[in-house]
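Chemist: Here the protein sequences come in this chain order: A and B. Note that UniProt numbering gives residue 483 to position 483 of the first sequence, counting from 1, and the numbers run on in steps of one. Note that UniProt numbering gives residue 26 to position 26 of the second sequence, counting from 1, and the numbers run on in steps of one.
Bear in mind the hints are in silico, worked out from the structure with no lab data behind them. Given the structure is predicted, the values throughout are model-derived calculations rather than measurements. From the three backbone atoms N, C-alpha and C, an ideal C-beta is built for every residue, glycine too. Careful: at least some of the hints might be erroneous.
[What the hints assert, rightly or not] Heads up, simulated BS3-like pairs for lysine-lysine below, C-alpha to C-alpha not over 27 Å straight-line: (1) B:Lys516 to A:Lys280; (2) A:Lys417 to A:Lys517; (3) A:Lys517 to B:Lys515; (4) B:Lys515 to A:Lys158; (5) A:Lys417 to B:Lys301; (6) B:Lys222 to A:Lys414; (7) B:Lys516 to A:Lys518; (8) A:Lys528 to B:Lys301; (9) B:Lys506 to A:Lys414; (10) B:Lys473 to A:Lys528; (11) B:Lys506 to B:Lys490; (12) B:Lys343 to A:Lys518; (13) A:Lys517 to B:Lys222; (14) B:Lys653 to A:Lys280; (15) A:Lys517 to B:Lys301; (16) A:Lys518 to B:Lys515; (17) A:Lys517 to B:Lys490; (18) B:Lys461 to B:Lys495; (19) A:Lys414 to B:Lys301; (20) A:Lys518 to B:Lys222; (21) A:Lys518 to B:Lys301; (22) B:Lys653 to A:Lys528.
[What the hints assert, rightly or not] Computed footprint of chain B on chain A, listed as stretches where at least three residues anywhere in the stretch have a Cβ under 8 Å from a Cβ of chain B: (23) 384-397; (24) 405-413; (25) 553-565.
[Unchecked claim] Sample of chain B residues lacking proximity to chain A, with all beta carbon distances greater than 10 Å (derived): (26) Gln221; (27) Glu417; (28) Asn447; (29) Gln539.
As a plain string of letters, each chain reads:
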Amino acid sequence: MNTEILGVIFMYATVVSMAIPLGRYIGKIFNYENTWLDKIFHPLDNLFFKLSGIDPSNEMNWKEHLAALFTINAFWFVISLFVLTNMSWLPLNPDSNPSMSWDLAFNTSVSFVSNTNLQHYSGETGLSYMGQLILMLWQFISAATGIAICAVVFNAMKERTADKLGNFYSYFVRTCTRILLPIAFVGAIILVFNGTPMTFEGKDTITTLEGVEQQVSRGPAAAFIPIKQLGTNGGGYYGPNSTNPMENPNYLTNILETVFIFLIPIALIFAMGYVLNRRKLALMVYGVMTAGFLCLVIPSIYFEMQGNPALVEMGIAQDMGSMEGKEVRFGSAASAYWAINTTSTSNGSVNAMHDSMTPLTGMFAMLGMMINCFYGGVGVGFINFYVFIILAVFIGGLMVGRTPEFLGKKVEAKEVKIAMMIALLHPLMILGGTATASFLYASNPEAYAEWLNNPGAHGFGEFLYEFSSSAANNGSGFEGLGDDTPFWNITTGLVMLLGRYLPIIGPVAIAGILASKKYVPESAGTLKTDTPTFGILVFAVIAILAALAFFPALTLGPLSEYFSL
Amino acid sequence: MTNKKTGLFQKDLVQEALRESFVKLNPKIMFRNPVMFTVELGTFIMLIVTLYSLVSDSQGSFGYNFMIFLLLLLTLLFANFAEAIAEARGKAQANSLRKTREETPAKKLIIDNGQWKKEPNHNYQFSIVNSSLLKKGDLFFCEAGDTIPSDGEIVEGLATIDESAITGESAPVIREAGGDKSSVTGGTKVLSDSIMVKVTAEQGESFLDKMIALVEGASRQKSPNEIALTILLAGFTLVFIIVTVTLKPFADYANTPITIAAYISLFVCLIPTTIGGLLSAIGIAGMDRALRANVITKSGKAVETAGDIDVLLLDKTGTITIGNRKATHFYPVSGIDEKHFIKSIVLSSIADETPEGKSIIELSKVDPLSYQVKEARYIKFTAETRSSGIDLPSGQAGSINTRIRKGAADAIKTLCENAGNPFPKETAERVTQISSNGGTPLVVSENEKVIGVIELQDIIKPGIQERFERLRKMGIKTVMVTGDNPLTAKFIAEKAGVDDFIAEAKPEDKMNYIKKEQEQGRLVAMMGDGTNDAPALAQADVGVAMNSGTQAAKEAGNMVDLDNDPTKLIEVVEIGKQLLMTRGTLTTFSIANDVAKYFAIIPALFIVAIPSLQGLNIMNLGSPESAILSAVIFNAIIIPMLIPLALKGVAYKPIGASALLRRNLFIYGLGGVIVPFIGIKLIDLFVSVFV
């Protein structure tokens, strides 16, 4: 078989074979079962709680959980604002990089708080090491925020009637110390041995083959990169992200970084199966997400490996596939695979330029972000999926002649209302944002000429991609877009914040309300949610609600580009 | 009246429904249904566009715009017609029940100083008034030949009543003051004797009136599920509002002008108009189906709840077993000649009018008239002695002063032992054996000496096992309630195939059982008739009161069964499930339709400006205009095509929830994706001829 495809299959097989045991381990962490890391981390956790004066045994209801979530996020948001605007005089700045302006610091902070990592700066020149470290801290915090709130939802799904759903701070700290930190540490070691810099010294000077002296940026990159991948953050240490040879030196590190994108999102599905003791339900979720992912990734790899039809017509050989904007050391298949990995998980790191992909790969990357739950971001991917489960339960429950129930809890008007509002949010933000941009551009193309290098269908695709990326907290871009303008900074900033927090609040509210309802034992008449049939229903709901709503927009963007190639 | 087989579209009903379809265009009425309300807005805009296209052709030709306008109007009318025909059918059904008593003259008693005025010949004085003038608490008088003018409770007297007008059952029933059979229904007829009845409901507030009001829609409250579904559909509508509105700047950017007609067509096709248009018809039809099964529901919610039932409490007698026990075996004690034993029990049963007594004579195969019985004294069954029998004077039956008794084992035991005679061990064993086989032992004594045992057996209704099996497959636990001892109860429970039983049941036992199940989150249904049952009926999530039952029972329950048929609960459960299923499947169908509609309309919108998009026109539709028209036509006519399904309901099959989901997903989900592809293509072939 083609080595490139073999490489892709190997990467997927690796991530699944690692995610299953990891899921079990995460399940144990959520269940407060003993693990071998307890000896190391118990004292550490207790130290945090003692210092902050938090009682980790104090159980919270869903509203208190959200309050705790916002407390943590707001606290560190202020600190990161302070650091980013005062980098120039703070320590760890060997390259004497300047402080950020207030608006850029705000934009950057929002983007890291929301797990988006849309970067309007280049790490080499725009940040001191202190700045990089505070953003790295945020990559832990925003990832742990998603995972911890997901643990709350798991807790709420248990077979009992309860208001109190564990302690958010405790879930948060356990996620950081017992899940993210150890795995990121192992990843960093591997990167260091493959040549990724890990130092606090300033720029190095090398003499190139042409005999020119060149300055090379260094820093604590190896520590930064694993958590960028692991926490579906995606913000690169260097400006070009994982296309940069120091951020992603070779095919081996490319495997590592690709595996890290999916590792926790898939592991969390199995963790849910472990926490609830419903392995079949986890399989259903995994099956639907995988089916959706395959629908996106297989054609993408196919189209990238096929090469660009316009070039084919010109008689240019493309044995390696479409290589525009790709790294030769990764090839077209692994780049397309990464592209769909990073967009369907809200990661946003890149190892190739998405703007240069063939039109349909660009469309599938956008679809990954529009749907945003085929594995999805850490924690939040499952939470997004949960909304679709609720909607499918409602329709499916009616179809079997019973008031809809999910895991023994009746799904009623209130839950449907919240789920529907969350499902609406994505089309509203993406289509609404793109419509605003299109309206401005169409009404005065000269004034906004700086936005687009490629007007027409591709330019429209760039608008659509930018808003999809912001709404899905992805952070990648069709980089042809001139997005460093007030319009894009403000609108995408707003979309990022709304796209981060509303889809957390909604599902947590649903889960919390359902948890406090009376538990109804299952009977032969109850709709089973852990069957392939129900999986098909969920898939259909996602396809019709999340994908079809974008059909007209995609028609004017990548589809019309594809058909006119 | 039972299950009147009327066609779905009777001429007069259709006429009324057609008229109503136009009345319901009133935006105030339309507003209740958000999906169709947006269609109405779209239609209104199209009307303006059509008029505008008379003076300018920037929005396309007048003919095209007018066609779209007409089709949208038709969509609205079809949806209104669905609701109207469902209402008309329900009303017709209810009216036929109501008609019988509307112009009934009532013999209202005249009350004087709190006393009923009596004429010198001790007859009551009454005045004849129209039944519509009767008020709650009024007393009226009915004698043989009268039609009872209003629902009420007998306060004095006893009468045989023909209830066939309501129940369809021709055998007359006896209703009497006091006890559990004191309730009469308006419209039924007194066959013999006379009764005095107190009106229990204001005119217009009887169950039937409430039911009619529910069907007529004035007081029809949306059930919780219907509200949730409306929210879901409104959500889908909002998604498509976003999709359509944002398309305008997109098209401007791409320099592809789109006509208003095309926007509105896209929008109307995408929003779930099919289910939106049929939703209320489905709800009304559900109650109508219940009414056709002769069950009056107090709310649409009750029907829905019935579909969710987890536990069903059924009385043994009349539901699981044929009303009465039958004698199946005679066991004389050793030393007693079987012929003598049979003769004794036949003699003791000659005057026994109970079905058990009759069955004994039947089993003995002896003609009781062949015995010469003179001056015998018959002893009736009383609750104290718990036995019955006969006293024969000397010379009769070959003995002197024979006293034959038959009755409950312990009653006869006491009787014999008091007379100093032992209760034989073999009899005691026989009694236990019969009990454990589900039978009822009757011990027979002659002159206070045990001579044998009669075995009475319950006869389980034929086909009842299958019904319970069906319920089990629906996920419903059946519980038998009986006054029998646990041994007998267990046997019958096993034989009939119920899942659980309550033996030696007292009214409070039912109540406790219901509460226990409800605490575990289950929904409980029960049927009852007596005042004793009222608290349990009220406690149960679905309480079906028999129409023959007391007023208290009827007030407590949330449904009334006019047939007094205890197995009716099973039908009610299925009606409830059907109601929800019909909503679910049509929602699925409606939403699945969108796939094809997208592929019809989206290429049509842009194909002129971006010809390469022809690749998306996978149905190969004739022209952009014909594609849009075809989609809108399909969208409109699918509503009337589905009206029969909405009214009849999707067939419920007890094959387990997963299999049912698979089946419905396949038919209505996959079918919903495929059917419009074919339908739109066919319509397009036709439309292309003209466009």
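Chemist: Can you list which hints this structure breaks, lowest number first?
Modeler: Violated: hints 1, 9, 12 and 17.
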